[in-house]
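Here's the letter readout for the chains.
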Amino acid sequence: MTQVQPSAPLIELRDVHKSFGSIEVLKGVSMSVRDGGVVCIIGPSGSGKSTILRCINGLITIDRGTVRVGSFAVETLTKDKHLVPLRHEVAMVFQQYNLFPHRTVLQNLTMAPVQVLGEKPAVVRERALALLAKVRLTGKENAYPGELSGGQQQRVAIARALAMQPRVILFDEVTAALDPEMVSEVLNVIRELAREGMTCVLVTHEMRFAQEVADEIFFTDKGVIVEHGPPARLFKSPNDPRLKAFLDKVL
Amino acid sequence: MNAHVKIFLVGVLGVTLVLVALFVAVYGADSGAILRDVAGRTPLLLSGSADFSAFEGGFAANIVISLWAMALAAVAGTALGVGMISQSAVIRGPSVLVMNLLRNSPWLVVLYAMLYLLPFEVRIFGRFIEISPMIKATIGLALPVTANIAEVFRGGVESVPTGQWESARALGYRRLQILRRVVVPQAIPIMTPNLMTTYAMLFIGSSLVVVTGTHDVLSVARTVIASDGDHVATAVYLYILYLFFLFCFPIAILTRWLEQRVRVRK
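These protein sequence lines are chains A and B, in that order.
For the first sequence, position 29 (counting from the first letter as 1) is numbered 29 according to the UniProt record's numbering, and the numbering increases by one without interruption.
For the second sequence, position 64 (counting from the first letter as 1) is numbered 64 according to the UniProt record's numbering, and the numbering increases by one without interruption.
One chain only, chain A, in its complex shape (with noise of 0.2 Å):
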């Protein structure tokens, strides 16, 4: 696809606010991410940043503002219906990888694109099979997720959800539960999938990575986005005190 309209974000919050009860999570977030684009968001917890995620994909239902991604509006799509269409577009991974422990590795790939999008059994288990030799896990297709380590569930959980065949994913601190060995095996696939075109949008505490791969920072806090701004500026010279006092906590 030639890029006709280089301005129109891939994904773009308007003014999202949610409350969780009495307490109000997001106030007021905007924030865009071009197609191809790799955005960061860094911030300390229960900033909100986790809850953006869950947006964008329509995991939870926003209370004011607009979400779009790509041609859909995700705040207007209530039933649970609409959202397949959405679901198919932007693919998660999460903290706790949740794989399916009921199936094996292969069919935790195979399990949504036949059963969701209805496609065929033997064209998606072409696809997950390379897609597990992509995350280095040949060999391991007929093992359960509770025989492999975590760093292995979680490329397995990244592998599914590239079996949607997504135009985004959304990580939500994906290398947060696991051992510090495990972390770079993880990191290598995501910065192989950046460097391919894949929309990615990370909530992460790995800072170095961040400002390797991302194009675009934003710093949220207290459910608001303080700041943002490609990585070299926004790590070198941030202008808000919040960021400031929040980099040298983490650097």
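Rather than coming from a laboratory, the hints here were simulated on the basis of the structure.
Just so you know, these numbers come straight off a predicted model, no measurement behind them.
A hint or two may mislead.
The calculated EDC-like cross-link candidates involving lysine to aspartate or glutamate, where the alpha carbons are at most 20 Å apart (straight line), are [said to hold, decoys possible]:
1) K79(A) - E151(B)
2) K249(A) - E173(A)
3) K27(A) - D221(A)
4) K81(A) - E166(B)
5) K236(A) - D215(A)
6) K81(A) - E126(A)
What the simulated footprint calls covered on chain A by chain B, stretch by stretch (three residues with Cβ under 8 Å from a Cβ of chain B suffice, anywhere in the stretch; the number is not a length) [to be verified]:
7) 177 to 184
8) 214 to 225
9) 240 to 247
A few chain A residues that don't get close to chain B, going by computed Cβ distances all over 12 Å [what the hints assert, rightly or not]:
10) P85
11) Q95
12) A161
13) L187
14) M207
For glycine and all other residues, C-beta sits at the position ideal for the given N, C-alpha and C.
For this one, chain A is given, so just place chain B on it according to the hints.
Okay, now just chain B, sitting in the frame of chain A:
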């Protein structure tokens, strides 16, 4: 399984000895003669026929009724359980209400109610179909058990981590699809021991169906006592007690074994 086999053997032996001791204590010197008399009634008590020519009554009827009631309750209980965890209050409210009503109804009361609520026969496509006491008994037993199974279902579903729901939703699965493809398959190992306990309870409860006029083991026992005399009554009831124990005890042991296996796997 080894420890469980041991418990099983000790249990069977122990209960047999206790019942024999009780028997001897009651009948003393007559024990041998009475035992021979009652043993001679075995075909009648087990099958409802004097020579095992049919299996329409007696203990066989208890087994058949309990299996049908369990099957009915499994289907209805699953449906009720799905209703109880529905996101729509219009479905959830009545489901919870029905479950609570059924769960708090005494079994005997439900059985009597079925006797009078269900008609003697129904007309389907112009043909009269008789609702036999056995069918009434089956439905009467299935109703309270439906509530139990609905609760087991709800508990099983809730034991599956919410992350499973979230990741399935992110993959485009809809609610009922998630239950069928992701959550229930994971909940089944957790639910199985509870379902088996429920069945054992239902089986013991099947002795109540005598009030509906079904020819179950108790109804046969009353016939035997009426023809052989009151002096065999204790022996006959001890015998029936033993039958129920022999049927239910293996289920209890199997349940324990399964429970332990589920715990180890986690």
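Hint by hint, here is what the structure shows:
no. : hint              : in the structure
1   : K79(A) - E151(B)  : violated, 28 Å
2   : K249(A) - E173(A) : holds, 18 Å
3   : K27(A) - D221(A)  : holds, 10 Å
4   : K81(A) - E166(B)  : holds, 16 Å
5   : K236(A) - D215(A) : holds, 15 Å
6   : K81(A) - E126(A)  : violated, 27 Å
7   : 177 to 184        : violated (count 0)
8   : 214 to 225        : violated (count 0)
9   : 240 to 247        : violated (count 0)
10  : P85               : violated, 8 Å
11  : Q95               : violated, 9 Å
12  : A161              : violated, 8 Å
13  : L187              : holds, 21 Å
14  : M207              : holds, 26 Å
Checked against the numbered hints given earlier, the structure breaks hints 1, 6, 7, 8, 9, 10, 11 and 12 and satisfies all the rest.
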